[in-house]
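> Read off the chains here:
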Amino acid sequence: MLRQAQEQITIATRGRGFYEFTEEVGTRLRALRIQTGQVTLHLQHTSASLVIQENADPEVRRDFERFFARLVPDGDTLFEHTAEGDDDMPAHVRTALTAVNLTIPIAAGRLALGTWQGIYLWEHRTAPHRRSVVLHFIGE
Amino acid sequence: MLRQAQEQITIATRGRGFYEFTEEVGTRLRALRIQTGQVTLHLQHTSASLVIQENADPEVRRDFERFFARLVPDGDTLFEHTAEGDDDMPAHVRTALTAVNLTIPIAAGRLALGTWQGIYLWEHRTAPHRRSVVLHFIGE
Amino acid sequence: MLRQAQEQITIATRGRGFYEFTEEVGTRLRALRIQTGQVTLHLQHTSASLVIQENADPEVRRDFERFFARLVPDGDTLFEHTAEGDDDMPAHVRTALTAVNLTIPIAAGRLALGTWQGIYLWEHRTAPHRRSVVLHFIGE
Numbered sequence: 055m056l057r058q059a060q061e062q063i064t065i066a067t068r069g070r071g072f073y074e075f076t077e078e079v080g081t082r083l084r085a086l087r088i089q090t091g092q093v094t095l096h097l098q099h100t101s102a103s104l105v106i107q108e109n110a111d112p113e114v115r116r117d118f119e120r121f122f123a124r125l126v127p128d129g130d131t132l133f134e135h136t137a138e139g140d141d142d143m144p145a146h147v148r149t150a151l152t153a154v155n156l157t158i159p160i161a162a163g164r165l166a167l168g169t170w171q172g173i174y175l176w177e178h179r180t181a182p183h184r185r186s187v188v189l190h191f192i193g194e
Numbered sequence: 055m056l057r058q059a060q061e062q063i064t065i066a067t068r069g070r071g072f073y074e075f076t077e078e079v080g081t082r083l084r085a086l087r088i089q090t091g092q093v094t095l096h097l098q099h100t101s102a103s104l105v106i107q108e109n110a111d112p113e114v115r116r117d118f119e120r121f122f123a124r125l126v127p128d129g130d131t132l133f134e135h136t137a138e139g140d141d142d143m144p145a146h147v148r149t150a151l152t153a154v155n156l157t158i159p160i161a162a163g164r165l166a167l168g169t170w171q172g173i174y175l176w177e178h179r180t181a182p183h184r185r186s187v188v189l190h191f192i193g194e
Numbered sequence: 055m056l057r058q059a060q061e062q063i064t065i066a067t068r069g070r071g072f073y074e075f076t077e078e079v080g081t082r083l084r085a086l087r088i089q090t091g092q093v094t095l096h097l098q099h100t101s102a103s104l105v106i107q108e109n110a111d112p113e114v115r116r117d118f119e120r121f122f123a124r125l126v127p128d129g130d131t132l133f134e135h136t137a138e139g140d141d142d143m144p145a146h147v148r149t150a151l152t153a154v155n156l157t158i159p160i161a162a163g164r165l166a167l168g169t170w171q172g173i174y175l176w177e178h179r180t181a182p183h184r185r186s187v188v189l190h191f192i193g194e
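Protein chains in written order, with the working numbering: chain W, 55 to 194; chain L, 55 to 194; chain R, 55 to 194.
What the hints contain is simulated information worked out from the structure, not anything from laboratory work. Keep in mind the model is a prediction, meaning the values are calculated, not measured. Where hints are given, some of them may not hold.
Part of the chain L face toward chain W, derived, beta carbon under 10 Å [what the hints assert, rightly or not]:
(1) E108
(2) D117
(3) L151
(4) L156
(5) W170
(6) W176
Ideal Cβ placement from N, Cα and C applies to all residues, glycine included.
Given these sequences and hints, build the entire structure.
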């Protein structure tokens, strides 16, 4: 019979960049002993994202930072919402351009990710933050 | 035992801009008396988006409009699909750059959103439209 | 009572472009005889996307290609991750700007898509690839 479970993961970031937490989701999944199902991940913030990206080459993540720094520059004079710092509005825009929630199938007791896929918190603020991700599992 | 329910919300837009409907989702959730679970929101259109963004400062949404107006300008000569107006193809691109569906966990009978997160319909067409969102709840 | 089912669809691409597979998802759904529920689609790759877009006018997809070719140009000197070809890092960025998973409600035995919505695999690499999509159904 289908059942559900809810977990929370807190990630302490050291400022802008990618923080992989695939293994932590896998640990929670194994403890729950769900063989088939799905997990929804929801990030409770508006200035950081959840992304599934290549976990092989760190150069990929550095190129992502360079691309987004050019696309949505800190301190862009276009922005009027600057009270929280010149990286705040760009952080909101980066978040809207990516995602704050993901749903991943579970097969044979594991996340059904592709060979090169990792789950990342992408911190968009330059200062360190504590970020909270709610995990909702459904399966059997 | 897990159960499901499906609802529909119609939002009448007054043209391009953000329309928050967090409270309307919460009202449906309370009527269903689901304590733990998740809700999937699906927007049945290709020229408007669903986004979770900061609901504190309206300046944030105005900056979003300015950024997207620069990134995907109406009437851009790059576009050939112009029969439905010069804001139509930009509306499709804005939609692809954001999202048309979201899944949000439910905890303690409430949407597990962060303190500053609100759920918005983002209308990308300049003319008013009626937009339909399907809500699918699973929980107990 | 709620039940679940998992399927896999493989799509052979002929290089960059849109490949609609709405009908294939519908066929799997009908075979499962789920009347009400939801399906999660997860693409197991980091250089292609899943998008829901207009399936009426092929010009829309050509305009998408033109827009993304300008936004994230192949061979952009900004990128250092070039070992896998000058379209590889742009493919990762296009993927992050769109999505690799979607969740769609099921109503009356059909996908609850809007009139003009189709489900597409968007291949971002220029060479042909075999792409794998995991489908997870929950419903009754």
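> Now tell me if each hint is right for this structure.
Each hint, compared with the structure:
no.	hint	verdict
1	E108	4 Å, holds
2	D117	5 Å, holds
3	L151	6 Å, holds
4	L156	6 Å, holds
5	W170	6 Å, holds
6	W176	9 Å, holds
When the structure is compared with the earlier hints, no violation turns up for any of them.
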